[in-house]
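**Student:** The chain contents come next:
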Amino acid sequence: MVNLKINGIPVSVPEGSTILQAAKLANVRIPTLCYLKDVQCVGACRLCLVEATGARGLVAACVYPVTEGMEVRTNTPRVRKSRKTTIELILSTHKKKCLSCVRSMNCELQKLALEYNAEEDRFGTDHDLKPIDDLSASVVRDNSKCIMCTRCVAACEHQTIGAIGPKNRGYAKVIGSPYDVSLAFTPCVNCGQCVVACPVGALYEKSAVADVWGAIVDPEKEVVFFTAPSVRATLGEAFGLPAGTNVEGKMVTAIKQLGNVKCFNMDITADLTIMEEATELLNRLQTGKPTPMFTSCCPGWVKFAEHYYPEFLPNISTCKSPQEMFSAVLKTYYCEKHGIDPKNLYVVSVIPCTAKKFEISRDELGHYTDAALTTRELAKMIKEAGIDFANLNDSEFDTPFGKASGAGAIFGATGGVMEAALRTAAMKLGGKGAPIEFKEVRGTQGVKEAEYTVGKTTVKVAVASGLGNARKVLEAIKSGEKDYTFVEIMACPGGCINGGGQPYVHDEVRNNIDLKAVRAKALYDYDKESKVRCSHDTPAVEVLYKEYFGEPNSHKSHELLHTTYAKRDKY
Amino acid sequence: MAQNVFEGTEKQMSELMACIDENRGEPGALMPVLHAAQDIYGYLPAEVQTVIAEELNVPLAEVYGVATFYSQFSLNPKGKHKISICLGTACYVKGSDKILEAVEHELRIKCGECTPDKKFSIESCRCVGACGLAPVMIIDGEVYGKLSPDDVKGILDKYVKD
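Going down the list, the protein sequences come from chains A and B. In terms of our numbering, the first sequence has 14 at position 14, counting the first letter as 1, and numbering is strictly consecutive. In terms of our numbering, the second sequence has 35 at position 35, counting the first letter as 1, and numbering is strictly consecutive.
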């Protein structure tokens, strides 16, 4: 252990720790901008500069190692002046359209500028406006607001995509894809981890808010919303509630107050996915089709496979994602049953994900979803409608797609799809009394493995979240080192609860709590309290099969609930 | 921006692949490979950057980032006649920026680019040690001094016929 003092407070930390880590233990806050835990640590932004004995000038706390007897000062006039100047220099090349910025009141740069009394025009405003890239279906980049922290680049590299990087040098430097090609034409998988990594308003989702408001006031349209499993666990954060608060009831009330709309529960088609996917898996095992089978709910992972691992496309379950299953069910079964012309039904999915925005544009999925809103966009609409979210009463989802199983809810966390599938597969293979909880596949680790034997069948499973981890699993399968029956992959680290469409969380929070675990807990608690915990026991799903699809993997379900994949170029 | 068609040969590609094989798996392999590629092709065509990205298993964005960071790497081919315009202090105060503008206007390309017929490329340089002749332009080693923008067309015409 190394002993040092931070602002006079004694603290002991393991050897090799940085000043920033030591300061955290001493409860001393050091501002950061380019540093992001698990993603980037490069000491580039110079906001975390501190005085330390033995060092010649000010040092970057995020990378500077502690030494025995070191005395660190984090708030001297020299340090404060340095930070203030750094912020003012950043502001001199920043498009300061703060009032209308997506990140206003939630911007890390704005917050620091306030804290350090920075003058916004001390060095004038020295920048040319750069073109906005909004050709991608998911992510918009406004480089005039970029502050070159490169957190987005690190997040993209962390996902082993590397669709973006710094280009040129000095004043000409910008972040983007090679040559002046739009992100839309790169191997970007639309996961949006760059968006949640960005401290300012340089990256945001392609908004569907205006379209949805338009549909709500259109007298021709009947508008239905459905919300993805993880949205209930994160929406509250946008209204100041602690991370991991389940706000399902308030969320439903708020959506219904947006206008004359219905609000359904996407967990139902998570359950439907399980019925289709578990059946497909058992069929594959019986007919000797290629294994392992991979899950297909995550559109980020699907596009990743199409670019980087086309050899595994035959192994991906042909099931559409729950979003696309729901929209297909609404535009066919629901419309037929209620005598609605599908043209007049406007289907809005609320998802934690930017990749789902790209997904709705895929031709092979039939364009059943009209708009996909991220959790952030829903929060924006609720605020715009003047709804006092925190003080809302709870409401229930509308029938007939209201009540689902706990298995559907845990889809939002890494390992959740696998556990839900195992619950149903165990029942199919083992009958009543089969196990409900499969704790080995839970948790925030990047890769999880387990082996289960039900009756005469042994199933080897793997769960990966984050595309870097997915790559490890895929390479191990390719080399023959590993052999699995069923593999769940989610593109975002921790799964949908940490998706690219989730509320912005400042680095200070992200660096200090395990957001993935806190948010996932809300879903697992929800599952534990659910009366129905298995997808095959969800009444709405039984009704769907009885009235419409017949049985899982039937001709009709293949028509509406399944899809195909195609190889995509990398360059 | 002027578009140049990639005209790499199989021999060039096999030279590049030999260099890639030599460096494959080494940390920091990108720099020596980019140097070799520039030697082989005279510049770094997009097609070549893609091959390097694929073979070294690094994102194209990283290859492009390095290629645009260092001014010695060029993304554009060099023409048959290489025009170099001095933007050093003495030439600059004597109006070499106007000379550059005139050349760019005449050839319809920007500094750093090459004409589509590969006849001319323009680059700027810093002080060639002929300040007494400022402003100075050099074409294929031949020095033209005490220029005015009006001189440019006549000088270039001599090379057009070549």
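If you're looking for bench data, these hints aren't it; they were derived computationally from the structure. Nothing here was measured: the structure is a model prediction, and the numbers come from that model. Every residue gets a Cβ at the ideal spot worked out from N, C-alpha and C, and that includes glycine. Each hint should be verified, as a subset may be incorrect.
[What the hints assert, rightly or not] Examples of chain A residues lying across from chain B (beta carbon under 7 Å, computed):
1) Gly162
2) Ile164
3) Lys167
4) Arg169
5) Pro178
[To be verified] Sample of chain A residues with no beta-carbon within 10 Å of chain B, all distances over it, derived:
6) Ala44
7) Lys95
8) Tyr179
**Student:** Evaluate each hint against the coordinates.
**Tutor:** Status of each hint after checking the structure:
no.: 1; hint: Gly162; in the structure: 3 Å, holds
no.: 2; hint: Ile164; in the structure: 6 Å, holds
no.: 3; hint: Lys167; in the structure: 5 Å, holds
no.: 4; hint: Arg169; in the structure: 5 Å, holds
no.: 5; hint: Pro178; in the structure: 4 Å, holds
no.: 6; hint: Ala44; in the structure: 15 Å, holds
no.: 7; hint: Lys95; in the structure: 23 Å, holds
no.: 8; hint: Tyr179; in the structure: 7 Å, violated
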